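Q: In case you want the letters, here they are:
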Amino acid sequence: MSCDEYRVLISASIDGEITEFEAGALGDHIRHCPDCTGTSDEMREHHLRLSQDRTPAQPAGLRSSIRRRLTFSTYQAEWRCEHIPMMPIPAPSRRTDPASAYIFGPCGRA
Amino acid sequence: MNDGQISIETIRACQYGSEPAFDRLYDAFGDVIWRLCYRIAHNSTDAEDLAQEAWITIWSKIGSFRCDSSFSTWIYRVTTNVCLQWKRQRTVNSVSIDENDGAYRASQPERTAVARDEAARLHDAVKRLPDTLRIPLELRIYEDLSYDQIAGILGCTPSAVRMRVSRARAVLTNAVEGVDE
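Sequence lines, in order, name chains A and B.
FYI, numbering that gives the first Met the number 0 numbers position 43 of the first sequence as 42, with every residue one higher than the one before it.
FYI, numbering that gives the first Met the number 0 numbers position 116 of the second sequence as 115, with every residue one higher than the one before it.
Bear in mind the hints are in silico, worked out from the structure with no lab data behind them.
Heads up, some of the hints might be wrong.
[Stated by the list, open to error] Using 20 Å as the maximum straight-line C-alpha spacing, the simulated EDC-like pairs for lysine to aspartate or glutamate come out as follows:
(1) B:K126 / A:E41
(2) B:K60 / B:D22
(3) B:K60 / B:E8
(4) B:K86 / B:D48
(5) B:K126 / B:E47
(6) B:K126 / A:D52
(7) B:K126 / B:D116
(8) B:K60 / B:D48
(9) B:K126 / A:E44
Every value quoted in this text rests on a predicted model; they were computed, and no experiment measured them.
Kindly generate the complete structure, drawing on both the sequences and the hints.
A: Pasting the structure below:
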């Protein structure tokens, strides 16, 4: 493997997305490659520095602004999956076919 | 991700336009969406507009979400697409005030000038990364998502995410060292 390929493993190892086998190969390589050792140190330092960044808290009125722009239903009760109304099956207008009479029988009653 | 924070009943209720369900959804994902928008906009004013657009899109499209897949992945995907569309629509010459750099510098008063310069170069380099590299890197670092989760959001393979994140880090390393790509 080339150093470029090992650098992919360095990045993956920082993210904890590396297999045991890959980690072993990377460890062996880094012990003998000062360039990749330096790259590993730099990538880890950058990762640490960026992960310490903090996004400012969202503005206090943001939720209200969003709510004003959304449309809500007037139904306020708690919806549950089993409470979602089923669409009624339309009754056939004419029952000339005995098979369709069998399938749609109950719906076709007056 | 946040799948554990939101129930299937809440999602269903949102699909029927329930206002209380919206509040529960916002409690679960409000901060996530704000962070994604802020990382794209780099200032609070634009991020606020962007977050509003993201929520309007989420609310209008939530009816199309099928409850057999990850809801948080869907939320990230919709928000990312809104952010990218907003970025494409921006005029090339528009200038945004980056509050994050200022906040970062102000929070590090003890750092030496050299370290501050290096940190500034790093943050500047992140902003200049192409979206194909920056977004997977930021989702990994700031949202702590796995490569599998990022792949689900971006519609690519985990190995592609691995390559993009690695490439992004290589670009950042060169940028901080002052090496031209």
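Q: Please name the hints from earlier in the document that this structure breaks, with their numbers sorted from lowest to highest.
A: The structure conflicts with no hint, since it agrees with every one listed earlier.
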